[in-house]
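Engineer: In case you want the letters, here they are:
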Amino acid sequence: MSITRRSFIKTMALNSAAAAAATLFPGISFGAWKSLDQASGGMQWKKTPCRFCGTGCGLLVGVSGERAVAVKGDPNCTVNKGLCCVKGYHSVQILYGEDRITKALVRKNGQLVETPLKEALDLVATKMQETIKSHGKDSVAMYGSGQWSITDGYVSSKLFKGCIGTNNLEANARLCMASAVTGFLTSFGLDEPMGCYDDIDHADVFITWGNNMAEMHPVLFSRMLANRKTKGHVKIIDFATRTTRTSQAADKSILFRPQTDLAVANAICYELFRNEWINWDFVNKHVSFHKGKTNIGYGTEDHFKFADKAETVDLEAYKAFLEDYTPEKVEKVSGVSAEDIRYLASLYGDPDKKVTSYWCMGMNQHTRGTWINNLVYNCHLLVGKISQPGNGPFSLTGQPSACGTVREVGTLTHKLPHGVVMNEEARKMAAEIWDVPVENIDPKPTYHTVEMFRALDRGDIRFMWIQVTNPMVTMPNLNRYRNGAEKEGRFVVVSEIYPTPTYDVADVVLPSALWIEREGFFGNSERRTQHNEQIVPMPGDCMSNTWQIIEVARRMGYEKQFSWSEDTYIEDIWNEYIRFHDSPKHRMAPYNDLKAQSGLQWPYVDGMETKWRYNPKYDPAAASGDDFDFYGKPDKRAWIWLRPYEPAAESPDSEYPFWLNTGRILEHWHTGSMTRRVPILHRAVPESYVEINPDDAARMGITNGMKVKVSSRRGSVMMKASINGRGKPPVGMVFVPFFDESYLINEVTLDAFCPISKQPDYKKCAVKLERV
Amino acid sequence: MPVFSYLAYPKRGAKEQLLKDLASLDYCEATPADNEEILILVTDTPDEDQEKALQKKLKELNSLESLGMTFGHVDQ
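Taken in order, these protein sequences are the chains called A and B.
Just so you know, we're using numbering that gives the first Met the number 0 here: the first sequence kicks off at 0 and counts up by one.
Just so you know, we're using numbering that gives the first Met the number 0 here: the second sequence kicks off at 0 and counts up by one.
Calculated from the structure, these hints are not laboratory results.
Just so it is clear, CB atoms sit at the ideal spot from N, CA and C, and this is done for glycine as well.
Misleading hints may appear alongside valid ones.
Stated by the list, open to error - What follows is a list of derived Cβ distance ranges for each label pair:
| hint | chain 1 | residue 1 | chain 2 | residue 2 | range |
| --- | --- | --- | --- | --- | --- |
| 1 | A | T567 | B | E47 | 50 to 58 Å |
| 2 | A | P678 | B | E15 | 35 to 43 Å |
| 3 | B | E47 | A | T3 | 17 to 25 Å |
| 4 | A | D250 | B | K56 | 31 to 39 Å |
| 5 | B | K56 | A | P693 | 43 to 51 Å |
| 6 | A | A683 | B | E47 | 26 to 34 Å |
| 7 | B | S23 | A | R5 | 19 to 27 Å |
As the list claims (entries may be wrong) - Lysine-lysine pairs mimicking BS3-like chemistry, simulated, CA-CA at most 25 Å apart:
| hint | chain 1 | residue 1 | chain 2 | residue 2 |
| --- | --- | --- | --- | --- |
| 8 | A | K584 | A | K427 |
| 9 | A | K443 | A | K632 |
| 10 | A | K353 | A | K616 |
| 11 | A | K228 | B | K56 |
| 12 | A | K80 | B | K14 |
| 13 | A | K308 | A | K290 |
| 14 | A | K616 | A | K584 |
| 15 | A | K228 | B | K51 |
| 16 | A | K708 | A | K767 |
Based on the sequences and whatever the hints tell you, model everything.
Structural biologist: In structure tokens, the structure reads:
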């Protein structure tokens with residue numbers, strides 16, 4: 000049945016009311032909605048995961064004819080239980096922006112010119128082959144995304160690592176989740192959280208570590224608020240560097256100076272010992288102690304190398320290490336009162352309270368990101384509050400498939416779908432499944448993301464294919480990397496849906512199918528794989544990113560490895576991919592199960608999901624007969640790390656006296672290339688701004704809305720001041736959201752990174768403010 | 000041809016009555032929440048005169064505490 004304009008408007012009216020209701024009443028449901036839908040013109044509802052953040056909300060998309068016209072939360076999806084956030088409710092509108100790219104474009108005489116898709120794909124393949132011939136296999140690269148569907152990432156890995164034989168494959172999840180990965184690997188030996196979102200229903204205390212969940216993961220935050228409202232005794236503690244909507248909704252807001260979360264975490268552990276709150280039964284059976292290198296640098300120079308070395312120590316060495324972190328000493332460094340540190344420790348230490356810690360970019364975009372992940376695990380391990388309902392540390396993901404595509408498929412330079420390129424057995428497994436000679440797979444990683452763009456600038460990389468991401472907005476120290484991409488002799492292919500600053504540097508633009516225009520899979524923060532069918536047709540010449548890669552691979556002579564039929568390739572690729580994970584530690588759900596359900600959590604064993612890993616009650620891979628089995632590490636124990644406080648790469652000084660913190664906001668998704676084309680979201684926050692503390696603003700004579708210049712040693716941007724807006728930084732800090740390509744704040748940020756994870760720190764550099 | 004949506008708050012204990020009252024009015028479609036004392040109201044009147052008349056009738060409902068507008072559209 001086709002839908003009239005009038006019934007479409009009524010549906011939008013209904014959606015707006017439902018969105019407002021969900022904001023005011025977390026958990027609200029409207030069971031009678033269906034009958035109203037019918038009154039509004041009739042449509043079919045089809046399930047899909049949301050296209051935006053890493054929460055992985057299940058959506059039902061209302062389709063009329065060939066057009067997606069409405070969205071509501073999927074009540075059958077345990078992630079969101081029918082809830083949606085404002086981006087989710089308006090998500091189908093991202094499909095229909097006026098300037099949608101529907102044809103291939105090739106740069107000719109400086110202009111992007113519409114070109115037949117076949118011709119553009121021929122050019123991509125030819126250019127890649129020529130570059131390899133002239134400059135070697137490591138002169139071509141692919142840069143993908145945590146917004147890639149799983150099959151996109153899988154075929155890119157197969158093409159680049161298996162067929163071409165280069166490890167020049169990275170994804171933007173390096174910018175958002177790499178520290179979480181190295182944190183998990185160093186503490187537990189296996190990536191991804193042990194718990195799940197059900198923890199929200201069981202916990203008594205939530206501690207958000209530098210994590211504005213109210214805006215970044217609003218549906219999960221709504222579930223937390225609902226839990227608090229229902230139970231009464233539940234507490235939310237916001238531990239952050241600036242006051243946000245999360246702080247405002249929390250029971251207690253504790254502010255710390257940037258980078259000093261390292262010191263505070265250690266001080267919490269010091270207090271756990273001092274008050275004899277240690278769970279000795281757990282610690283003696285399940286924990287071992289280790290230290291690594293210190294003074295490890297910041298990676299701001301090209302070719303920076305670092306490899307950590309673990310050294311086993313004993314409990315006494317750990318206790319001696321913590322002596323430097325008494326609450327009184329840490330108060331001086333962090334600005335957090337000794338009383339508040341003791342309060343935080345008392346929450347972790349209380350045996351009658353179930354505690355869940357949440358974090359996301361605040362801890363991951365950190366020059367000691369791996370360390371702070373380790374230290375929060377320490378807080379949980381010392382008291383044994385882990386791998387049980389309501390008790391656990393939980394690293395939230397920023398993108399819909401950072402886990403599914405980047406971490407699980409392994410679209411990073413050192414990774415394979417199972418294991419790492421350095422491991423011979425992992426290379427053999429990949430070679431067998433991919434049907435390529437094992438010698439094809441290079442055992443040496445090449446470039447992590449920052450170094451990959453440095454290599455493009457230097458000319459070590461000559462060809463780069465960018466899919467589903469916008470690095471010409473998101474790279475830190477952006478001026479260098481944009482100049483590099485524009486240099487003579489570079490060839491940049493961009494698979495995109497709308498024009499962006501990355502499209503502006505492209506030599507070829509390939510029109511991509513978006514989200515529900517193609518079949519695919521995402522993997523969310525809680526190890527949940529989610530399938531979507533193709534719900535609406537692709538516009539114009541648009542093609543799925545997976546099929547673009549297959550087309551190019553075939554043109555390069557890899558027909559045997561990419562022989563799938565266009566009718567069934569997504570299912571066939573899934574069936575090939577899951578061979579890499581065929582063990583009780585990581586078994587993925589079969590295609591038909593995923594098709595039928597609103598997501599399933601791995602390890603998926605004998606038709607059962609695993610909600611809490613390392614606990615034999617829930618995890619079939621954990622050895623029975625004991626209460627926990629941390630099977631990821633050779634010693635079968637979780638590792639407590641001695642990680643010290645070390646300062647940020649760049650701190651305010653007399654010339655640049657402010658900290659710059661950057662991040663996201665509720666209404667816009669990352670660089671805004673989609674949400675800024677949704678009228679209601681664009682109107683809600685039409686442009687970026689710089690949040691300034693009211694005292695700083697008063698001292699400098701800056702008023703709300705006044706234009707100010709934010710400058711660092713690398714660049715500057717002029718934008719409007721926001722004083723007492725939705726967020727309030729402390730004195731001496733400013734905050735800028737990065738969603739607006741008209742204000743490229745990453746021309747100001749610093750490309751320092753965690754030496755272990757190689758993830759840049761977007762939260763800390765030194766800037767000055769000037770009235771314009 | 001105005002289209003509006005509202006969150007409709009009933010007077011205490013009057014949610015069912017408000018649903019009935021709204022159902023009896025032309026150009027109104029009401030959807031009750033299952034687990035909160037609130038309804039969604041979508042109105043779709045043919046012209047501005049009918050819209051004004053409907054607004055008047057809504058204000059006269061004894062079961063209605065207040066309306067919070069969430070969406071508005073008027074054809075030019």
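Engineer: If a hint holds in the structure, say so; if it does not, say that too.
Structural biologist: Going down the list of hints, with the structure as the test:
1. A/T567 / B/E47: 50 to 58 Å: Holds, since A/T567 and B/E47 (Cβ atoms, about 55 Å apart) stay within the stated range.
2. A/P678 / B/E15: 35 to 43 Å: holds, 37 Å
3. B/E47 / A/T3: 17 to 25 Å: holds, 21 Å
4. A/D250 / B/K56: 31 to 39 Å: violated, 44 Å
5. B/K56 / A/P693: 43 to 51 Å: For A/P693 against B/K56, whose Cβ atoms are near 47 Å apart, the range 43 to 51 Å holds.
6. A/A683 / B/E47: 26 to 34 Å: At 28 Å between Cβs, range holds.
7. B/S23 / A/R5: 19 to 27 Å: With Cβ atoms ~23 Å apart, the hint holds.
8. A/K584 / A/K427: holds, 20 Å
9. A/K443 / A/K632: holds, 23 Å
10. A/K353 / A/K616: Within the cut-off at roughly 18 Å; holds.
11. A/K228 / B/K56: violated, 36 Å
12. A/K80 / B/K14: holds, 24 Å
13. A/K308 / A/K290: holds, 8 Å
14. A/K616 / A/K584: holds, 14 Å
15. A/K228 / B/K51: violated, 39 Å
16. A/K708 / A/K767: Given that 25 Å is the threshold and the Cα spacing comes to 8 Å, the pair holds.
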